[in-house]
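There are 2 protein chains.
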Amino acid sequence: MKGSVGELGEFGLIRELTARISDTPAVRLGPGDDAAVIATPDRRVVASTDILLEGRHFRRDWSTAYDVGRKAAAQNLADIAAMGAVPTAILLGLVVPAELPVTWPTELMDGIHDECQVAGAGVAGGDVVRGDAITVSITALGDLRDREPVTRSGARPGDLLAVTGWLGWSAAGFTVLSRGFRSPRAFVEAHRRPEPPYHAGPAAAALGATAMTDVSDGLIADLGHIAHSSGVRIDIHAESLDVPAQMSDIGHAVGVDPLQWVLTGGEDHAIVATFPADTKLPARWRVIGQVLPARGSVRPQVTVDGAPWERDGGWDHFGSGG
Amino acid sequence: MKGSVGELGEFGLIRELTARISDTPAVRLGPGDDAAVIATPDRRVVASTDILLEGRHFRRDWSTAYDVGRKAAAQNLADIAAMGAVPTAILLGLVVPAELPVTWPTELMDGIHDECQVAGAGVAGGDVVRGDAITVSITALGDLRDREPVTRSGARPGDLLAVTGWLGWSAAGFTVLSRGFRSPRAFVEAHRRPEPPYHAGPAAAALGATAMTDVSDGLIADLGHIAHSSGVRIDIHAESLDVPAQMSDIGHAVGVDPLQWVLTGGEDHAIVATFPADTKLPARWRVIGQVLPARGSVRPQVTVDGAPWERDGGWDHFGSGG
Numbered sequence: 001m002k003g004s005v006g007e008l009g010e011f012g013l014i015r016e017l018t019a020r021i022s023d024t025p026a027v028r029l030g031p032g033d034d035a036a037v038i039a040t041p042d043r044r045v046v047a048s049t050d051i052l053l054e055g056r057h058f059r060r061d062w063s064t065a066y067d068v069g070r071k072a073a074a075q076n077l078a079d080i081a082a083m084g085a086v087p088t089a090i091l092l093g094l095v096v097p098a099e100l101p102v103t104w105p106t107e108l109m110d111g112i113h114d115e116c117q118v119a120g121a122g123v124a125g126g127d128v129v130r131g132d133a134i135t136v137s138i139t140a141l142g143d144l145r146d147r148e149p150v151t152r153s154g155a156r157p158g159d160l161l162a163v164t165g166w167l168g169w170s171a172a173g174f175t176v177l178s179r180g181f182r183s184p185r186a187f188v189e190a191h192r193r194p195e196p197p198y199h200a201g202p203a204a205a206a207l208g209a210t211a212m213t214d215v216s217d218g219l220i221a222d223l224g225h226i227a228h229s230s231g232v233r234i235d236i237h238a239e240s241l242d243v244p245a246q247m248s249d250i251g252h253a254v255g256v257d258p259l260q261w262v263l264t265g266g267e268d269h270a271i272v273a274t275f276p277a278d279t280k281l282p283a284r285w286r287v288i289g290q291v292l293p294a295r296g297s298v299r300p301q302v303t304v305d306g307a308p309w310e311r312d313g314g315w316d317h318f319g320s321g322g
Numbered sequence: 001m002k003g004s005v006g007e008l009g010e011f012g013l014i015r016e017l018t019a020r021i022s023d024t025p026a027v028r029l030g031p032g033d034d035a036a037v038i039a040t041p042d043r044r045v046v047a048s049t050d051i052l053l054e055g056r057h058f059r060r061d062w063s064t065a066y067d068v069g070r071k072a073a074a075q076n077l078a079d080i081a082a083m084g085a086v087p088t089a090i091l092l093g094l095v096v097p098a099e100l101p102v103t104w105p106t107e108l109m110d111g112i113h114d115e116c117q118v119a120g121a122g123v124a125g126g127d128v129v130r131g132d133a134i135t136v137s138i139t140a141l142g143d144l145r146d147r148e149p150v151t152r153s154g155a156r157p158g159d160l161l162a163v164t165g166w167l168g169w170s171a172a173g174f175t176v177l178s179r180g181f182r183s184p185r186a187f188v189e190a191h192r193r194p195e196p197p198y199h200a201g202p203a204a205a206a207l208g209a210t211a212m213t214d215v216s217d218g219l220i221a222d223l224g225h226i227a228h229s230s231g232v233r234i235d236i237h238a239e240s241l242d243v244p245a246q247m248s249d250i251g252h253a254v255g256v257d258p259l260q261w262v263l264t265g266g267e268d269h270a271i272v273a274t275f276p277a278d279t280k281l282p283a284r285w286r287v288i289g290q291v292l293p294a295r296g297s298v299r300p301q302v303t304v305d306g307a308p309w310e311r312d313g314g315w316d317h318f319g320s321g322g
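First to last, the sequence lines map onto chains A and B. Using UniProt numbering, the first residue of the first sequence is number 1, and each one after it goes up by one. Using UniProt numbering, the first residue of the second sequence is number 1, and each one after it goes up by one.
Worth flagging that the hints you see were computed from the coordinates, not collected in a lab. All values derive from a computational prediction rather than experimental measurement. Heads up, a few of these hints could be off.
[Claimed, not checked] Quick partial rundown of chain B residues pointing at chain A, CB under 10 angstroms, derived from the structure:
| # | residue |
| --- | --- |
| 1 | V37 |
| 2 | I38 |
| 3 | A39 |
| 4 | V45 |
| 5 | T49 |
| 6 | L52 |
| 7 | G55 |
| 8 | H57 |
| 9 | V95 |
| 10 | D127 |
| 11 | R130 |
| 12 | A133 |
| 13 | T139 |
| 14 | L144 |
| 15 | T151 |
| 16 | D214 |
Ideal Cβ placement from N, Cα and C applies to all residues, glycine included.
Excised from the complex, chain A in its bound form (with noise of 0.2 angstroms):
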């Protein structure tokens, strides 16, 4: 498709866009009315919002229109997963320039259709705005199939700790891509288009989990969350945690200790759960560390082998987020 947002017009737009959802059984009335209707069986929703900018969130130079879309959508997706809900629809807020090629508007959408397919979801609505800067804003709902929201709070002394999914490998492909370099390809892929394990959520949910996240703000960080929350200690064991060799490789050549993107990189989505200590996890669930009595108001909560995570940095950036 040929043209700018501005010579299509916003009803055009609109038009094209919806032309690329398709029908899921959750969304009863999709888009062209006031709102939309979509099924929660469980007689509960569970909806999260997130905001993601140009410059800020996500660079056209570094990532496709497709890319950028399919990761708005996971990163909502994920948040939903790791209440423990199934993803059942989200809605999309977009504000184009007009001058914008129309294929960018287009090609966000078949991103965010693409993974909520993957995630099981459908686009039940939105709204199309003309403004300066490309903000793409998604609300993501879910169902949680008769069983409690796993929050942040429920980690208790003695609980293992577990992650599914990837650690680490978006900060990698970040780091590689502000270098000026386009590979290896696994973790540049990785940064473009994260893969969460929304499957997992629920999974974990059913498995008895008793406090759950996803890793958007980094490991650390966001167990950090956990740890506030739930008003206990979190010790990651390093050495269960997964460095790929390929990952050491690329640390070794800019001089960066891959630890430190597994620890503390974001943007992958996995999901980290707190369970009971005799719970018996699926293969794709990796034990990485244990709950332990909080240690008065000594900080940080989370800490790695016992010891806080000092690093680039030190660990008070995470600390004051909690």
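Starting from the known structure of chain A, arrange chain B on it as the hints suggest.
Same frame as chain A, now just chain B:
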């Protein structure tokens, strides 16, 4: 509160904003986790999203942050009511420049909160991001209370057309403001802070409304959506419209036919609906026209006293929106 958003920081601002939220029954789990949990006793949720941009949708010299918050919440909550649903919760996405005084987003949140209270909804969660242009993205949710949603597609020839709420007040206020005046206050206030009749949406659904929408873009424009979706013509009886004497006075003073404001002015978020002809409407509803068979492909399908409304730019503008 003194200082800028940049000085306070993102976490500090989120703390300030969430401190302004009060508990409501439908919000089972509010801000602070990966996602919120909202009650949906009906097993369906109604959801709508809108983006407001500074300069395009509001001006800081015309409206206070508090008023922008009321208006942003109102336009989304009205969408929920216009489906026949009871608003339950909203989620807020907010982009704020670093140099913006902290009082702006906190007063915005006060306005959002107060408007939610009027509608019976709660603030369930949100996201705050720093960026160049103030952007307010709101997603509103609602409950259908075991009634079918009232869409735009159910109007049938023979139905009566009725409205409740205000028409043309915001447009008259906008005209006054754009000519540098600050009064008459009633209209300026109406522009700054609409008062959608939220209760009327579910009430109309209970009365058997066949199609419904809120007037956000103008009566003729929004009825155009109903006419198009329902495959009917809608005729407005000009004589039945309420044109207050004070509105006529302003119209005379500024050289605008006040009927133009009533028929084409948006943002008051009146609720307009079609009903079977024998429906007994409560006192606050005003019958303003009727539904007729479509005139083949002759445009427009919304007429005023049987003829297209062609004043000030004509009807093509609206016809193209159908």
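Unsatisfied constraints (hint numbers, rising): Violated hints: none at all, because every hint is consistent with the structure.
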